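Protein chains in written order, with this note's numbering: chain A, 1 to 307; chain B, 1 to 421.
Just so you know, the hints here were simulated from the structure itself, not pulled from any lab data. Incorrect hints may have been included.
Footprint (simulated), chain A over chain B, 3 or more residues, beta carbon under 8 Å [stated by the list, open to error]: (1) 72-82; (2) 165-174; (3) 361-371.
Listed below are the simulated DSS-like cross-link pairs for lysine-lysine, each with C-alpha atoms no more than 27 Å apart in a straight line [said to hold, decoys possible]: (4) K248(A) x K92(B); (5) K99(B) x K54(A); (6) K328(B) x K248(A).
Keep in mind the model is a prediction, meaning the values are calculated, not measured. Yeah, the Cβ is synthetic: ideal placement off N, Cα and C, and Gly gets one too.
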Amino acid sequence: MSVTLVPKRVSRRKSAQEGGSFLAALPWVGPALLLILAIVVFPAGYMIYNSTRKISQVGTDLKGVGFDNFAKVFSDPNLPRILLNTVVWVVVVVTVTVVLSLVLAQFLNKPFPGRTLVRMAVIVPWAASVVMTTTVFYYAAEPNYGILNKFLTDVGVLDEGFGFTKNAVPAMSMAIVIAIFVSIPFTTYTILAGLQAIPNETLEAAKMDGANRWGTYFLVILPQLRGSLAVAVLINIINVFNNLPILKIITGSIPGYSADTLMTYIFKVLQFDRRLDISSALSVVNFAIVLVIVAIYVKTVKPMKEV
Amino acid sequence: MKKLNLRGVAVAGVAAAALLLTSCGFGGASSTSSSEPGASGTVTTLTMLAPTYSDGTKALWTKVIKDFEAANPDVKVNLETQSWENVEGVLKTKIQGNKAPDIYNGGAFAEFAAEGLLAPTSDVASEATIADFQESFAENEKVDGTQYGLPLIASARALFYNKSLMEEAGVASVPTTWDELYSAAKAVSEKTKADGYGMPLGNEEAQGESLIWFAGNGGNFGDGSNIAVDTPANVEAAEFMKKMIDDGVTQKDAGATQRTPMLNTFIQGKLGFAYALPQTVGQIKKENPKLKYGIAPVPTKTGTPATLGVADRLMSFKNDGSKTAAVKKFMDYFFSADVYTNWVSTEGFLPTTKSGSEKLASDETLKPFLDMLPNAVFYPTTNAAWNATDGAFKSLMGQIATGKSAADVLKEIQAKADAAK
């Protein structure tokens with residue numbers, strides 16, 4: 001039996017090496033490939049296609065216009081302010097989120113009574129719907145009956161309710177606070193997982209060598225967190241960059257474009273100007289920016305490099 | 001080996017996430033299934049898309065459809081209702097997916113007509129039904145001489161004033177001109193705890209509030225062939241609006257205020273003056289019947305009467321043209337005097353048909369508004385650039401409250417309208 005089996009196996013492997021491997025693998029990866037094609041590649045391709053068309057306001061495709069839509073996008077006088085807003089929005093939210101999460105994860109890594117409860121409580125903003133969380137904040141900041149305004153007037157900080165969500169700078173700040181609030185759980189848990197993977201020996205070695213607490217943290221723990229930090233930062237950048245619900249609810253009623261990021265601007269172009277073609281072009285720009293950020297990040301931080 | 005796997009997974013995951021998240025603006029075709037006409041039996045299924053005017057709209061339509069189906073067993077109507085905010089977006093998705101509704105209730109229609117998507121009224125309603133519409137409204141439904149819309153409702157704005165607050169502030173007479181409104185609103189905001197005048201320039205209704213003021217100075221948004229927002233009369237009106245806001249005689253953050261919450265503060269008795277609709281009367285009756293208020297014509301610059309009139313319409317998308325006979329049955333049924341007046345008066349609107357006006361002429365709630373209709377200025381809904389103009393008002397007009405000059409804002413809106421040609 002075994003004598004006959006061995007040569008058969010060899011020949012099979014040979015044919016696999018000669019190019020049959022793809023066909024053999026197809027039934028296994030096919031469904032996943034199909035899914036990726038249908039929900040990732042096709043919409044992205046369609047978006048890029050739309051960005052080169054002229055589409056009427058009611059949605060009929062009129063003709064191809066090449067890169068005209070992009071020319072319009074880049075000559076848009078609102079664009080610099082919107083890009084600036086986007087940069088501020090992403091940088092502030094991601095930086096503050098990561099710093100706070102590092103602290104929080106360190107805290108949650110220490111054993112203390114009720115730790116499980118606290119750990120679960122941290123998940124709540126993540127588990128709740130973002131739209132709901134944001135709407136709660138939005139109503140709290142309502143100038144006439146919001147609880148935040150009521151509190152501030154009652155304790156005497158304000159004379160009367162202030163429209164936190166009605167003016168560009170306060171509304172943007174508020175959106176940033178909410179974005180940090182909902183980003184912390186994921187970031188904290190990613191870092192916490194990283195912390196728990198740090199071998200105890202390295203910490204003991206640091207102690208033996210007489211490193212102080214800060215030294216241990218910055219020279220021993222932080223370098224070993226590189227992997228999880230990289231994932232946390234990258235996912236957060238993409239997520240925050242493309243965030244619509246928080247900004248749409250908090251800054252949506254502000255007239256003009258002074259509180260818009262690229263994402264909300266795309267939405268406004270679609271909803272109010274009804275320009276499917278221009279908003280597609282903007283989406284392509286958005287997509288390109290994200291890709292560039294990710295590429296730069298991967299290149300410079302080398303998150304996959306071994307420590 | 002483990003590390004390698006992890007790397008692959010992470011890279012793939014990031015790429016997929018980037019693609020997914022950046023392409024989430026993509027709205028696929030809706031999954032509404034439409035049954036094949038004449039496949040088996042002779043039941044024709046019509047799709048209908050309607051916005052909700054009030055909480056009761058859906059029930060009202062459902063009842064109309066039920067009675068209609070009982071009388072016409074060969075036609076079925078599938079109703080879909082959407083909020084006003086969403087209805088046009090939903091419609092656009094349906095058109096893109098070749099699933100345009102057979103019956104659509106909406107505002108703007110000229111661009112659909114211009115692209116040949118709509119069925120002419122003569123195809124989808126009998127002559128008797130078409131002849132019953134009041135001429136002024138029917139005229140508003142025509143593009144290049146062909147009527148495409150069946151005017152469904154009419155509405156006009158009037159000044160609602162809070163009597164108690166006026167008394168408290170020592171304002172003796174109801175304002176009829178801008179200057180009188182200014183000083184009355186000023187007195188109310190200074191001498192009472194309430195705000196003087198409610199100006200909703202947020203993206204719900206900025207175009208409505210603007211046109212009321214523009215009309216008060218003899219202005220409008222242009223006509224069927226030409227959008228004219230940036231005109232001297234309009235700029236003057238917008239400057240007066242800005243003056244009201246800057247001098248603090250309106251509520252705060254006028255540029256970000258939506259109409260519905262603003263009217264709620266009026267109903268609660270915390271606002272001196274506001275422009276409101278026939279339905280507001282019913283709302284006050286229901287929610288704060290003790291409110292002492294009155295209804296008066298809109299104050300204008302010189303006192304000559306003018307107001308904003310709104311007419312919405314039913315229209316029919318052609319699709320493959322196989323369902324026009326069924327649509328005709330529905331329209332003729334709906335616009336028959338009894339069905340129609342019941343619908344219009346339940347929603348609190350003004351009728352657009354001759355038979356309907358006769359039936360409702362004695363209604364006291366509607367009377368002040370019916371009287372104002374002859375002086376109403378309408379949106380240029382027959383202009384193909386109107387949708388873009390409307391959107392530009394919604395997203396940009398509020399800027400007069402956040403520091404931009406009135407002339408600059410109107411220039412910006414005009415530019416958006418011109419770009420949509």
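Status of each hint after checking the structure:
1. 72-82: violated (count 0)
2. 165-174: violated (count 0)
3. 361-371: Violated - the region 361-371 of chain B has 0 residues with a Cβ nearer than 8 Å to chain A, which falls short of three.
4. K248(A) x K92(B): The hint holds at about 21 Å.
5. K99(B) x K54(A): The hint holds at about 21 Å.
6. K328(B) x K248(A): violated, 41 Å
Violation of the numbered hints given earlier is confined to hints 1, 2, 3, 6; the remaining hints are satisfied by the structure.
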